[in-house]
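Use these hints to put chain B onto chain A, whose structure you have.
There are 2 protein chains.
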Amino acid sequence: MSAAPLRLTDIVRDIEAGRTTPQAVLAATNERIDAGDGALGVFTHRAPETSRAEAAAAKGPLAGVPFGAKDVFDSFDMPTEHGSAIYRGHQPAADAPVIALARAQGAAIVGKTATTEFASLDPTPTRNPHNPDHTPGGSSSGSAAGVAAGYLAGACGTQTGGSVIRPASFCGVAGYKPSFRLFPTVGVKTYSWSLDTVGFFAATVPDVALLAALISGRPLADTPPADASGLTIGLYRSAVDDLLEPDMAAAWDTAARAIEAAGAKLIEIAEPASLSAAREIHAPLQNFEAAQALFHERTRHRALMGPKVLEQLDHGASVTPEEYDDARRTARIGRKAATTLFENADALLVPSAIGAAPYSLGSTGDAMFNKLWTITGNPCVNVPGLHAANGLPVGLTIVTRFGRDARALAIAAMLEQRLAVD
Amino acid sequence: MSAAPLRLTDIVRDIEAGRTTPQAVLAATNERIDAGDGALGVFTHRAPETSRAEAAAAKGPLAGVPFGAKDVFDSFDMPTEHGSAIYRGHQPAADAPVIALARAQGAAIVGKTATTEFASLDPTPTRNPHNPDHTPGGSSSGSAAGVAAGYLAGACGTQTGGSVIRPASFCGVAGYKPSFRLFPTVGVKTYSWSLDTVGFFAATVPDVALLAALISGRPLADTPPADASGLTIGLYRSAVDDLLEPDMAAAWDTAARAIEAAGAKLIEIAEPASLSAAREIHAPLQNFEAAQALFHERTRHRALMGPKVLEQLDHGASVTPEEYDDARRTARIGRKAATTLFENADALLVPSAIGAAPYSLGSTGDAMFNKLWTITGNPCVNVPGLHAANGLPVGLTIVTRFGRDARALAIAAMLEQRLAVD
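As they're listed, the protein sequences go chains A and B. Note that the UniProt record's numbering gives residue 124 to position 124 of the first sequence, counting from 1, and the numbers run on in steps of one. Note that the UniProt record's numbering gives residue 266 to position 266 of the second sequence, counting from 1, and the numbers run on in steps of one.
Next up, chain A with everything else stripped away, as it sits in the complex (with noise of 0.2 Å):
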């Protein structure tokens, strides 16, 4: 089911050279989605005649640039159902602003993407484009899925625990979780403030990179380095590191001898305490805010929710004030220390996920390896091109001081180029 991803920079190129447009860029999409997507199911609501026109006819950098948003992202022309019964043909009456803002720079929305319920772990039926019988991750599953499927030349997503980075991995896609807060949450299902980040997948990580930098008007797409001569990259060894599986811990190193043979210089770097603290304090403090957040759900619509999400909901509705604010302390302490691990390092490297995509449509894996960055905020790049035993992709990840968006986009692309001459 997998075929070839669609490069971002490319399509923006040849559109620019005039090699093709944008109307035979769309049609083409689309007519592959039509005919590959009811297997896969990455496609909540696909995008209404009106804005198909509209698109087709759109100016700006990102016009044909087919692109997917999470159905946790309100859209004016598409429900948006946040994967869950209880907002089943839900229409928003307003563009969540990521949306809004990648129109305005003539991106075509051409559909909400499967996301779990409330971006949470209860699985959608989408499937992994590489083996079907296995999770494409979550929550953000339809977006990674669409992007290596070929559907989709870019797509958002949110991560609260790993749902940016996770299906990235798994799906052998670039996927781009910012620093907290570059990108507005607005118009975004809520599950925990303190938490939710918007990301965002495409096939390489110079075609994420493009897309966040043309979405935001940053300067997020700098040419990466010719190679990594002068930079120091440090190997977080964390406190989970015992749960990783052979294929992923085979990719790490591979990944960190292409980043030595760049020319980088590897430093070990030992977790401390105030992190794997801040790791443990996940689900209090997600947990807390969801139950406030979907208080309303959880009283009054119990019966329409899944049990994963109710799980962490009644968690959370038994945390005290007292735990989340010990909660929130500690994830504070943790964002101070981690910007300390930077001091000797560039960049770190670490896994994207304990391994390869699970087998089974049934759980959209773990978040281990990601949660305790979602926490600290710091922007984090997964970069695909290895795989595991089994042919299924794995992703290792490229982690940086909080707002040094550009320079974790330039390393990944760095590392990315590496790997494929490998």
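Some hints could be false.
[Stated by the list, open to error] Quick list of simulated restraints, FRET-style, between CB atoms:
hint, chain 1, residue 1, chain 2, residue 2, range
1, B, 340, A, 132, 57 to 67 Å
2, A, 89, B, 49, 21 to 31 Å
3, A, 363, B, 49, 40 to 50 Å
4, A, 254, B, 217, 45 to 55 Å
[Stated by the list, open to error] For lysine to aspartate or glutamate, the following DMTMM-like pairs were computed, each having C-alpha atoms within a straight-line distance of at most 25 Å:
hint, chain 1, residue 1, chain 2, residue 2
5, A, 265, A, 322
6, B, 59, B, 14
7, A, 265, A, 343
8, A, 336, B, 343
9, B, 336, A, 322
10, A, 308, A, 323
11, B, 336, B, 247
12, A, 336, B, 268
13, B, 59, B, 77
14, A, 336, B, 325
15, A, 265, A, 280
16, A, 308, A, 343
17, B, 308, B, 77
18, B, 308, B, 280
19, A, 308, A, 346
20, A, 59, A, 77
21, B, 336, A, 326
22, B, 265, B, 247
23, B, 265, B, 241
24, A, 336, A, 322
25, B, 336, B, 325
26, A, 336, B, 322
27, B, 265, B, 343
28, B, 336, A, 343
29, B, 265, B, 326
30, A, 59, B, 253
31, A, 308, A, 280
32, B, 336, A, 325
33, B, 336, B, 346
34, B, 59, A, 34
[Stated by the list, open to error] Far from chain A, by Cβ distances over 10 Å, these chain B residues were calculated:
hint, residue
35, 30
36, 36
37, 86
38, 184
39, 217
40, 247
Quick caveat, the hints were computed from the structure, so don't treat them as lab data. Positions of the beta carbon are idealized from the N, C-alpha and C atoms, including for glycine.
Coordinates of chain B only, in the frame set by chain A:
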């Protein structure tokens, strides 16, 4: 048009003691609103029959408490129009958490209260219950006026500049702007995610403290100190004090003398340059975010928007990411500086506005004395009880260290009591 305000603590006590019933309180309140609100303009929508029946049967400590929700809070049973023609009749699917949490404590949401357009500056037709030719302030115009008119025993609002404290001061009621993010802004129309703060109104400080304590499950309704002995109160002299009208300057002095007579030590605090600087970046910070938050509305429904909000959004669209980042940096430095103010003072006493409510409904007044504390996120409580020469209320604000909300409310309650005695 001003009536005896409804004391929330009295209602709770009287119902608990069996002296009245929720049904009786709510019936009397609805009759009062039916009779008077045509002239006053507090409400944009009133609760439908099904919700009235549910509220009359509700259990919980706030049963029988008539509560108003500013019309930027989503409500599942009434339209939520954000004061905007774009959202005429717009019906959300779920309650904003603050409304849901209030209902869960038994509160009756008797109506949605008038808000300036998108909680910005284009005024509502709401009148000040103390003099119908004067503004009630904004943007939480209906919530403040509804409490002052005796229609509501509690209400919620939002403050992005001065939209809780200023209308509370103009209407002579207690207003509480909590520490930033103490209450969720989920389900509340975003204007500026760095600034938007949920706040509350009630007749007196103990009323608003009890309301906030019950909604949050936090110990915010401490018994206020009998006097001010042992307390050090800072008279914070800011860079904008020359804007103060004589009535407010006199009220500030009266409140300072009252608190000194109660045993407090008064100290003078001169505004640090970093806090004057923080006040000055309010506009680029707010407007850059507002231009993103309302991107869809501004670009697709411009003709339906008011001139004042458009002026802010157009300004915001011209702020560059670099200027915005500079503003965020200045705000962060200001937040740290604000903490140091409390090394020698338990609380600050500052004016709640330039003066009393200005004549005319064409403007909701000026947020100059509030916006610094919105940026820093410190808890603020408007203390009512003093009046200008023309008889209109003027309020003073108690400010405490970030997170010390219970202390702000307790000191404010003590001051309120002293002012009532004088």
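request  = Measure nothing beyond the straight line between the CA atoms of residue 265 of chain A and residue 322 of chain A; if it is 25 Å or shorter, mark the hint as holding.
outcome  = Roughly 44 Å separates the two Cα atoms, so the pair is violated.
task = Could you grab the alpha-carbon distance between residue 308 of chain A and residue 323 of chain A and see if it respects the 25 Å cut-off?
result = At roughly 22 Å apart (the allowed maximum being 25 Å), residue 323 of chain A and residue 308 of chain A satisfy the hint.
ask   = Has the given pair, residue 59 of chain B with residue 34 of chain A, been kept, meaning a C-alpha gap of at most 25 Å?
value = 53 Å, violated
key: residue 59 of chain B paired with residue 77 of chain B [C-alpha distance capped at 25 Å]   = Roughly 19 Å separates the two Cα atoms, so the pair holds.
ask   = Hey, residue 336 of chain A versus residue 343 of chain B, does the alpha-carbon distance stay inside 25 Å?
value = 23 Å, holds
query = Within 25 Å, alpha carbon to alpha carbon, are residue 308 of chain B and residue 280 of chain B?
reply = Given that 25 Å is the threshold and the Cα spacing comes to 19 Å, the pair holds.
ask   = residue 59 of chain A and residue 77 of chain A: Cα distance at most 25 Å?
value = Holds, at roughly 19 Å.
ask   = Would the pair residue 265 of chain B and residue 326 of chain B pass a check requiring their Cα atoms to be no farther apart than 25 Å?
value = 38 Å, violated
query = Is it true that residue 363 of chain A and residue 49 of chain B lie within 40 to 50 Å of each other by Cβ?
reply = Holds, since residue 363 of chain A and residue 49 of chain B (Cβ atoms, about 45 Å apart) stay within the stated range.
inquiry  = Next pair to validate is residue 336 of chain A with residue 325 of chain B; report whether the Cα-Cα distance is within 25 Å.
reply    = 19 Å, holds
query = CA of residue 265 of chain A to CA of residue 343 of chain A, is that 25 Å or under?
reply = With a Cα-Cα distance of about 14 Å, the restraint between residue 265 of chain A and residue 343 of chain A holds, given a limit of 25 Å.
request  = Please work out if residue 336 of chain B and residue 322 of chain A have their alpha carbons no farther apart than 25 Å.
outcome  = The given pair, whose Cα atoms are some 23 Å apart, holds under the 25 Å limit.
Hints 5, 11, 12, 15, 16, 17, 19, 29, 30, 34, 37, 38, 39, counting from the list given before, are not met by this structure.
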